[in-house]
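Novice: Just so you know, the protein sequences line up as chains X and E, in that order. Residues 1 to 114 in the numbering used here are what the first sequence lists, from first letter to last. Residues 1001 to 1114 in the numbering used here are what the second sequence lists, from first letter to last.
Keep in mind that the hints were calculated from the coordinates and are not lab data. The beta-carbon is built from N, C-alpha and C at its ideal position, and this holds for glycine as well. There is no bait here: all hints are sound.
Distance condition first, Cα-Cα at most 20 Å in a straight line; then the derived EDC-like pairs of lysine to aspartate or glutamate:
{"id": "1", "chain 1": "E", "residue 1": "1101", "chain 2": "X", "residue 2": "56"}
{"id": "2", "chain 1": "E", "residue 1": "1113", "chain 2": "E", "residue 2": "1009"}
{"id": "3", "chain 1": "E", "residue 1": "1022", "chain 2": "E", "residue 2": "1008"}
{"id": "4", "chain 1": "X", "residue 1": "9", "chain 2": "X", "residue 2": "73"}
{"id": "5", "chain 1": "E", "residue 1": "1113", "chain 2": "E", "residue 2": "1008"}
{"id": "6", "chain 1": "X", "residue 1": "9", "chain 2": "X", "residue 2": "38"}
{"id": "7", "chain 1": "E", "residue 1": "1101", "chain 2": "X", "residue 2": "30"}
{"id": "8", "chain 1": "E", "residue 1": "1077", "chain 2": "E", "residue 2": "1064"}
{"id": "9", "chain 1": "E", "residue 1": "1101", "chain 2": "X", "residue 2": "38"}
{"id": "10", "chain 1": "E", "residue 1": "1049", "chain 2": "E", "residue 2": "1085"}
{"id": "11", "chain 1": "E", "residue 1": "1049", "chain 2": "E", "residue 2": "1095"}
{"id": "12", "chain 1": "E", "residue 1": "1109", "chain 2": "X", "residue 2": "38"}
{"id": "13", "chain 1": "E", "residue 1": "1022", "chain 2": "E", "residue 2": "1054"}
{"id": "14", "chain 1": "E", "residue 1": "1069", "chain 2": "E", "residue 2": "1054"}
{"id": "15", "chain 1": "E", "residue 1": "1101", "chain 2": "X", "residue 2": "72"}
{"id": "16", "chain 1": "E", "residue 1": "1077", "chain 2": "E", "residue 2": "1015"}
{"id": "17", "chain 1": "E", "residue 1": "1101", "chain 2": "X", "residue 2": "73"}
{"id": "18", "chain 1": "E", "residue 1": "1101", "chain 2": "X", "residue 2": "59"}
{"id": "19", "chain 1": "E", "residue 1": "1058", "chain 2": "E", "residue 2": "1085"}
{"id": "20", "chain 1": "E", "residue 1": "1022", "chain 2": "E", "residue 2": "1064"}
{"id": "21", "chain 1": "E", "residue 1": "1077", "chain 2": "E", "residue 2": "1008"}
Pair ranges (Cβ atoms, derived):
{"id": "22", "chain 1": "E", "residue 1": "1064", "chain 2": "X", "residue 2": "63", "range": "39 to 49 Å"}
{"id": "23", "chain 1": "E", "residue 1": "1084", "chain 2": "X", "residue 2": "15", "range": "33 to 43 Å"}
{"id": "24", "chain 1": "X", "residue 1": "5", "chain 2": "E", "residue 2": "1082", "range": "22 to 32 Å"}
{"id": "25", "chain 1": "X", "residue 1": "88", "chain 2": "E", "residue 2": "1072", "range": "25 to 35 Å"}
{"id": "26", "chain 1": "E", "residue 1": "1109", "chain 2": "X", "residue 2": "2", "range": "26 to 36 Å"}
{"id": "27", "chain 1": "X", "residue 1": "5", "chain 2": "E", "residue 2": "1060", "range": "20 to 30 Å"}
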Amino acid sequence: NAGVTQTPKFQVLKTGQSMTLQCAQDMNHEYMSWYRQDPGMGLRLIHYSVGAGITDQGEVPNGYNVSRSTTEDFPLRLLSAAPSQTSVYFCASSYASGRLNEQFFGPGTRLTVL
Amino acid sequence: AQSVAQPEDQVNVAEGNPLTVKCTYSVSGNPYLFWYVQYPNRGLQFLLKYITGDNLVKGSYGFEAEFNKSQTSFHLKKPSALVSDSALYFCAVRDRVGFNKFYFGSGTKLNVKP
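Looking at chain X on its own, in the form it has when it is part of the complex (with noise of 0.2 Å):
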């Protein structure tokens, strides 16, 4: 198995731009959800999915929009990129709550926002 799988794993954008950032796991995981990491904050949940073609916002949605059309991709659209969105994104995977899983991340994308 890959497991989760991110890219690019870099990007620069200037402010304005739109860009997709791509995320698939081939371990079959009902939930996925993405992620920021941002310097003593620790991560912050962004969007989530229960399946395919159900999402929900987390903690800071704004500014960012996701879609779920099959259970192995879960891609995060950044729709007009700040200064602010400046960061590094985490996508993780997992089984259904009553599993009580963990969580598997993949290797990040560290994006910059000029």
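Given chain X, put chain E in place with the hints provided.
Specialist: Relative to chain X, chain E alone:
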């Protein structure tokens, strides 16, 4: 609301000495608690979890954690630190119902010196 606190930004220990990384939590009801480790430029890796049962939980790489309900703590411990243990450590609490939503602490940087 669920939350965790990691009171130390950084912990320094000498190789071979015992280490402790502190975590306290605030939840309604019984907690589901986790520890993750992050090595430089990598995603988070699961170390161990407490769901129920024995208060001393053993995990990967020789780490263990002690759940203390009266002190609402879940400190991470290792009897003998290795230089390779140097990393960023995150404590997390999980929602008891619904989506597998995690709330992360701000992280503690562990430095193990030879």
